[in-house]
Every structure is written in structure tokens, then in C-alpha cells.
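**Q** Got chain A; can you put chain B on it based on the hints?
Number of protein chains: 2
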Amino acid sequence: MKVLALSGSLRAASINSALLRAAARLAPPKIEVGVFRGLGALPLFNPDLEADLPPPVAAFHAEVAGCDALLVASPEYAHGVTGTIKNALDWLVSFEPFIEKPVAVLNASPRAHHADDALRETLKTMSAVIVEEASVSISLLGAHLDEEGMVAHPAVARAIRAALAALHDAVMLRHSGPGPSFPLP
Amino acid sequence: MKVLALSGSLRAASINSALLRAAARLAPPKIEVGVFRGLGALPLFNPDLEADLPPPVAAFHAEVAGCDALLVASPEYAHGVTGTIKNALDWLVSFEPFIEKPVAVLNASPRAHHADDALRETLKTMSAVIVEEASVSISLLGAHLDEEGMVAHPAVARAIRAALAALHDAVMLRHSGPGPSFPLP
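For the record, the sequence lines run as chains A and B. If you're matching positions, the first sequence starts at 2 in our numbering and goes up one per residue. If you're matching positions, the second sequence starts at 2 in our numbering and goes up one per residue.
Bound-form chain A, shown alone (with noise of 0.2 Å):
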């Protein structure tokens, strides 16, 4: 199962972004995360290009046509989602491949919701599948712990482990599909 994360944040020390890469380290061998470091490189979105997607849209695009989960982490800037993580997103509201992708929030910060509700209810609009089970909250904000530390972390450890198993659940139970079906004789 492949999963692309993404950071809000573009900050060289974001906790997020940090949340991450920990959850690429954790991650178990049938669990592939990969870290997307382009968002910073998209352009401002405009309806005008898309006849014509700028090519780190169009790298944007193939990463996420390509993965089967998504994992996002995301800072709270003036009680609002960060324009970097929005930005993302407006690329991919007409893009097909998203529509029924299942998506994990991580929240780090579990006392601001206001990005996380806005967040949410933009994935909702877009038709993305947001996997409860793994969208779970880490009081990372104020524990001064880095990559290294919440790898080290046993709490954070087993929080990051469980949303994981819990995306790959649901890519599962999506790709199963229907039952065998039983004609009447």
C-alpha cells in the first residue's frame, strides 16, 4: 500500500511535517509512506492553467493518482487552514483520481480545530474519503520532541502505528469489493 503525505507547513522544524516523516520510519514493510516535498513548488492554483497544468501540478497529480491513502498533517496560522496545505488541495478539487481516496487528518495540535473542521469539511466537499480510525490527534505542540524523538516515543509510537494500520484497513476493505454472490440454482 502506498500512502502520500502531506505537511502544511513548508517550516524546516514543522512538528508536522516532522509527524510525518516519523510515520515513514514506523511505517511496516506492506506500508510504504512517502513524504511529498513539493507542495512549497506548486504555483498559486488558477482555473486558467489547468488546460495546461504547470509541471510540479502535473508531479503533484501523478503522486497522488498514483498512491492508494493519504496522510495529512497540518499547522493551524490565524485560526484558519495554511494557505500551503488549501493551495494543494484547490489543484486537486476537478482532478478525478482524488475523488474517493481515503484521507487521515493528524491533528498536533488538538486544542486548535479550527483548520482541522475547515480541513475536513473541504475533503468532505471534494469527495475524499476521511478515515476516522486514523485520523487521530497527538499532543505534539509544546513537547520539543523532533523526527528522532517521536520514533523514540512510546505513546506517539503506538499512536502513529494504530492510524496507520487503521488507513490500511480501510484501503483494504475498499479494495475488496463486493462479496461473491450466490445465484439460486
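Hints were generated in silico from the structure; no laboratory data involved. Beta carbons are placed, not taken as given, at the ideal position from N, Cα and C, and that holds for glycine. Some hints could be false.
[Stated by the list, open to error] Here are some of the chain A residues that sit facing chain B, going by a computed Cβ distance under 7 Å:
| hint | residue |
| --- | --- |
| 1 | Ala13 |
| 2 | Lys87 |
| 3 | Asp91 |
| 4 | Glu122 |
| 5 | Val152 |
[What the hints assert, rightly or not] Computed list of chain A residues with no C-beta within reach of chain B, every gap over 12 Å:
| hint | residue |
| --- | --- |
| 6 | Leu50 |
| 7 | His62 |
| 8 | Ala63 |
| 9 | His80 |
| 10 | Lys125 |
| 11 | Ala129 |
| 12 | Gly178 |
**A** Chain B in isolation, oriented as in the chain A frame:
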């Protein structure tokens, strides 16, 4: 009075951008409305860049510092703010001249409320002063009016002029300072 107008859409045929250009044409001589053209050139917000601002951000900051008020018009994308307008605001979060700046939020599609609500929440969190009397709703979605059409449409032109007059009053009130003091003899 100088008003800086920000459109949350980069689309050439954007009704929000047309609305702001119409406002610039309808403004009386005492109000100068300048539509900012550089939002699409702003890099995605990165706190690591704040110590040495990229030139497009420095130019944006200078425009914001030099205006008396802001006029914002932005569409709703997938039940959320546009990445473009939120990214612009992200660059203003810790910019001191933005604090207590009078802002009018125009809404060209009153049936949509998610983006309008989120924009107001963010502006309040950033300590802007939302001028309610100037934050008018004008049902332009589906009205098929371009900039010329808006300028020529009596009801639309009246709404725009009323918004500008209210914004002017709010700025004058802000600049007037306290009334005279009457010390007892």
C-alpha cells in the same frame, strides 16, 4: 484615502477581481482604490523566510503598510477559503502594520458562507478591524456581469459606492482620535 484591494482568485475572468476593478472605477476622488496584482507572485508562506523576505513579499508588505484600509473579495473553493487569499494573509500574520487595519470583506456569492466565515475568523484573529457596514454582499454569481457591466449596473454600482463610503467613514473615525478635552477651570 488609499485602499488596497485583494482578490482571492487568479482567474482572468474572476468576478471577484472584476468587482474590485469596478470599485476602483466607481470610487470618488477622495478614495484611491488600487487592485494589487501581485498575490499570484507571492511564494507559499514559510516562516523560515521571514528574516529575509522574498522581494514579492516585501512589495506586498509595503503596499499594506502604505494603505489606509483593505478591500477583500474572494471566492469559495470546496467550502473553504482559496489558497491564494489565505497565503497572502499568512504573510501578514506577524506584520505589525496590519494590526487594527480596517478591512471590508465583499461577498459576491452570498449563498456561500464557509469561506466568508473562515476569512472573517482569520482576520479577527489577526486583529484586523472588520468594517461591517462596508462588508456588503452582492449576488453576482450567475449574473454574468463583467467589470463594465458592474459599473453600468445601478444596483451593483450603488452597493459598491455604499461600501466605499462606509469604509471611508471608518477610516476617518479611526484617524480622528479622541475629541477635545475640556479641563475644568
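**Q** All hints are to be evaluated individually against the structure, with a verdict given for each.
**A** Results for each hint:
With a cut of 7 Å, the hint placing A/Ala13 at the interface with chain B holds, because the nearest CB-to-CB distance is about 6 Å. Restraint check, A/Lys87 versus chain B: the minimum CB separation of about 4 Å is within 7 Å; hint holds. Interface restraint check for A/Asp91: the shortest CB-CB distance to chain B comes to about 5 Å, inside 7 Å, so the restraint holds. A least Cβ separation of about 5 Å between A/Glu122 and chain B falls short of the 7 Å threshold, and the interface hint therefore holds.
Checking A/Val152 against chain B by beta carbon gives a least distance of about 23 Å; that is not within 7 Å, so the hint is violated. Listed as a non-interface residue, A/Leu50 fails to keep its Cβ farther than 12 Å from every Cβ of chain B; the least gap is roughly 9 Å. With a least beta-carbon separation of about 16 Å from chain B, A/His62 lies farther than 12 Å from that chain, consistent with its non-interface assignment. At the 12 Å boundary, the C-beta of A/Ala63 stays outside the reach of chain B, the nearest C-beta of that chain being 20 Å off.
With a cut of 12 Å on Cβ distances, A/His80 falls inside the contact zone with chain B, its closest approach being about 4 Å. Not every Cβ of chain B is farther than 12 Å from the Cβ of A/Lys125; the closest lies at roughly 8 Å, contradicting the non-interface assignment. For A/Ala129, the requirement that its beta carbon stay farther than 12 Å from each beta carbon of chain B is not met, with the minimum near 10 Å. No beta-carbon of chain B comes within 12 Å of the beta-carbon of A/Gly178; the shortest separation is about 28 Å.
Consistency note: the structure conflicts with the earlier hints numbered 5, 6, 9, 10 and 11.
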